[in-house]
Amino acid sequence: MNWISNYVRPKINSLFSRRDTPENLWTKCPECGSMLFHRELADNLNVCTNCDHHMAITPRKRFEALFDGGIFSEVKVPDPITDPLHFRDQKKYPDRMKSAQKSTGEKEAMLVAEGEIGRTPVVAAGQDFSFMGGSMGMYVGNAIVAAAERAVKLKRPLILFSAAGGARMQEGILSLMQMPRTTVAVEMLREANLPYIVVLTHPTTGGVTASYAMLGDVQIAEPNALICFAGPRVIEQTIREKLPEGFQRAEYLLDHGMLDRVTHRKKLREELITILRMMMKLPPAVAGDLPKPAEEDAAAKAK
Amino acid sequence: MTTYLEFEKPLAEIEGKAEELRVLARQNSEMDVEKEAAALDKKAAQLLNDLYKDLTPWRKCQVARHPNRPHCKDYIDALFTEFTPLAGDRNFADDHAVMGGLARFNDQPVVVIGHEKGHDTASRIERNFGMARPEGYRKAVRLMDMADRFGLPVVSLIDTPGAYPGKGAEERGQSEAIARSTQKCLQIGVPLVSIIIGEGGSGGAVAFATGDRVAMLEHSVYSVISPEGCASILWKDAEKMREAAEALRLTAQDLKKLEVIDRIIKEPVGGAQRDRKGTVAAVGEAIATMLKELNGKSRKDLVAARRKKFLAMGSKGLGA
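These protein sequences, in sequence, are chains A and B. First residue of the first sequence: 6, per my numbering; consecutive thereafter. First residue of the second sequence: 10, per my numbering; consecutive thereafter.
Please note: incorrect hints may appear among the correct ones.
To be verified - Here are some, though not all, of the chain A residues that point toward chain B, as calculated from beta-carbon distances under 8 Å:
no.: 1; residue: Arg124
no.: 2; residue: Val157
no.: 3; residue: Leu181
no.: 4; residue: Pro185
no.: 5; residue: Val189
Source of the hints: derived by calculation from the structure; they are not laboratory data. Note that CB positions come from ideal geometry on N, CA and C, so glycine has one too.
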């Protein structure tokens, strides 16, 4: 009715609500507690600038940093049947999917892309832990099969970044069947004599480790990543003893002969280029700035 | 002595009563109880029939885990001749949860591999309740390799709650061992027939069950996770295992519909534990049929068909 309620109050409200927004500009490192500015953290590939803790990174962000000039084109993944078992726990499976899609802006838990890294043509697949724990269901199976088929077709190596709690329970037996199914994909690469490099990121557990994620020609892990079949809690409950420090972490697996390398995320790209170029019998990578990516890649991106 | 499952309690009561009557009659010859006892028997038979006609998924889990169900060793003893166990992974140890070796099936030399759970406390501990460690899967890989080299078909019998979640097992690469075993299943150029005889527990089962033909006993289960495990994760309450068993679609009947398995082997009324001999014989017939179907196929065709089969997994849902 008067200017106080019509003008002043909304003005005050908007002033206060505006003050709430900057919150997500800062991320707290879960390991050392440092407050990290979002731009700085992103530039450092989500690795804490203080303690080197490797936080989760989405496949899209990873690929932007991985591929030359951040240019890649997505490999199409066939859509599986939605909710094949009509699964329902406390929530319906399609509802869980929808909320995961909404919160991540992604369609499913794996992104497949092709492009060049250090002028080396590759196909890459990245699992997205933020999407229902990266869990392996039909779609992830389809993605890995599509990635392998594409790699074979283009005669390119496949790099796979794993991150998953395990199989997607909501797809029951069909998620379990992705273990042999993705193993067939690995077999295709093997037969075509193409390098298959697995980069295990935190966490990679359960049925995912017991299939495609442990079958790489070269197995690299990011520092301190949890990599296991049975989780530490399950083991503690079974054997009723405390597990040693660092158990099932990347460095522990390296010590036990289960990995080839543990590599810092910032050094990963260079290392992948070096390894792949040797495996593909290509000359060493050119040091320094690279020329602009080829026209066709830019065209593929534009598509 | 029959071990009754929880849902069989009413049956236990009736059968107990009939038994009591007969004991009484034996002590007191003037009593004629046969008519009454026979009526109770009939009632029990009817009840057994009703109970097993339409088992809920959770009840099937219980039947699949029944201690008196025939286990791997029972099948090998009854169906195979000249069974010669071969031990060890040539790397670390011999895993007693996995048995395997050369044997003859209807005179045909084969390699047989399976999970063995054990039948009493001592053997269960020795067999680690059928929960294999990496050595078990690596032994299986070794045996499958041998079968491949000498052109012997492989028969695998699956009965495991899952791979063993232990410290040593993890340190020695449980997941890698399972992955390699599955991979070996997909590589061998000889027929591989798999039968889920009890519990098909997750990755530990897949490692041997990636076969050209996969059959399941009528009341066996095959699942990505145990109902208890699923309930504690998704329902945050391990007591919701009935609901979880329902949702997971782990029964032979659902898996057949989903085309994850090729055939269901019928069990006697009241489950495998009530007629072990009959069950073993039925499994024997199924193995013979499945081996016959694969007979004469070339290495290349076998591998290609197996790959195609597993690539197609999941292309079929349960429908609307």
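Of the numbered hints stated previously, which ones are contradicted by the structure, given in increasing order?
-> 1, 2
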